[in-house]
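A.B. asks: The residues making up each chain are set out below.
Protein chains: 2
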Amino acid sequence: MKKYTIGLIRVLTVQDEDLLSRHGKIIEEAFPELKVISRCIENQPKGIYDKKTEEEAKPKILRLVKEFENEGVDAIIISCAADPAVEEAKKLVSVPVIGAGSSASALALAYGRKIGVLNLTEETPKVIREVLANNLIAEDHPDGVSNTLDLMTDWGRKEAINAAKRLKEKGVEVIVLGCTGMSTIMIAPNLEKEVGIPIIDPVIAAGAVALHSLRRLDTWGDAK
Amino acid sequence: MKKYTIGLIRVLTVQDEDLLSRHGKIIEEAFPELKVISRCIENQPKGIYDKKTEEEAKPKILRLVKEFENEGVDAIIISCAADPAVEEAKKLVSVPVIGAGSSASALALAYGRKIGVLNLTEETPKVIREVLANNLIAEDHPDGVSNTLDLMTDWGRKEAINAAKRLKEKGVEVIVLGCTGMSTIMIAPNLEKEVGIPIIDPVIAAGAVALHSLRRLDTWGDAK
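From first to last, the protein sequence lines stand for chains A and B.
The first sequence maps to residues 1 to 224 in my numbering.
The second sequence maps to residues 225 to 448 in my numbering.
Since the hints were derived computationally from the structure, they do not count as laboratory data.
Chain B side only, calculated, beta carbon under 10 Å to chain A, not exhaustive:
#1 P256
#2 K314
#3 L435
#4 G445
Where is the CB? At the ideal position from N, CA and C, for every residue including glycine.
Kindly generate the complete structure, drawing on both the sequences and the hints.
C.D. replies: Structure, rendered in structure tokens:
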């Protein structure tokens, strides 16, 4: 079976090689059809957390996008639930560009029509809001949690489960994780086990959309 | 790589073995990870074309769903863009049940936010309308076409291209095919080549969602 090469962009500066390639490893585990090369933007160790840091990150993301295209990757994933620079990148290169936020919210709609978003702290990313439109029926976040490190503690994990349960009580059928930091610590399986409804992990969703995108084009090639 | 077995339900009565397995073959070609067993409902050679024939088909679909589950398939695809009996089937069995209409419209949203639906004749299926919500900006269909046979003629194909071009002129960025009859004749590659925007084929989309669904659960199993 043909393997595709994916360029994956982390939108925070990571020195640790293990941490840098974490999302890529999650995708490769779920989709062994994909080989993932991970890179990160420079000089933003805290990543994107407001409008200003998003604008700061955009040209750096687009540079990496162009670099990946020049090196011949088959598709590019921007591994952040806010889809930063995804629209711009689509216009810049000819390979598919996939955002984790649009992928997760889009795929959630294949599972149900009453969608909830579980955010880390901030509000629901704009792109997720747009994709879900009036199928977004509730949003929540774990009490007292301010970053993914908190989520890795026993109390943080418990608060995440509580927040997911509150979403379910509001009638939510499917939960989208609104931050790829929750992918990094792979909290989705735990939540799904505790809450009993599908939890859509944005990094895995991006892998699924990348594979759909590439196989679709291959099938077209055969059929044209 | 592990192969999954998919039970695929055609919602019209087909005698011809080739025609019966056509959607399954399209999925297997795009996703060799999936082995597809195709079956069809009985006594409805004209399929589903209104509320009455949909209600007539539902118990037959649910019987096949139960039969597939009993035989141990990993997931079930209901290969119709109207998602007939999908909601009921989800409640009936414990394996994932995937509708072609919800899959196509959901995946389209990972490609863009201005979606158009190209229908065969009738109006846009309700499930596609619900998934797309206010991201659905235009609908159209080929002039003078009343079935997929018409679409296989030179004039029918030309009218389909014209309708897709009209959608693009209205600002549509991605087109969902609103009928799996258009998958049967594999018109998507031709349309995409002529119109130059992504065309989401409902049968291929259902394959992608099935694979996401199964790999997601496998990854959960490892991580739990």
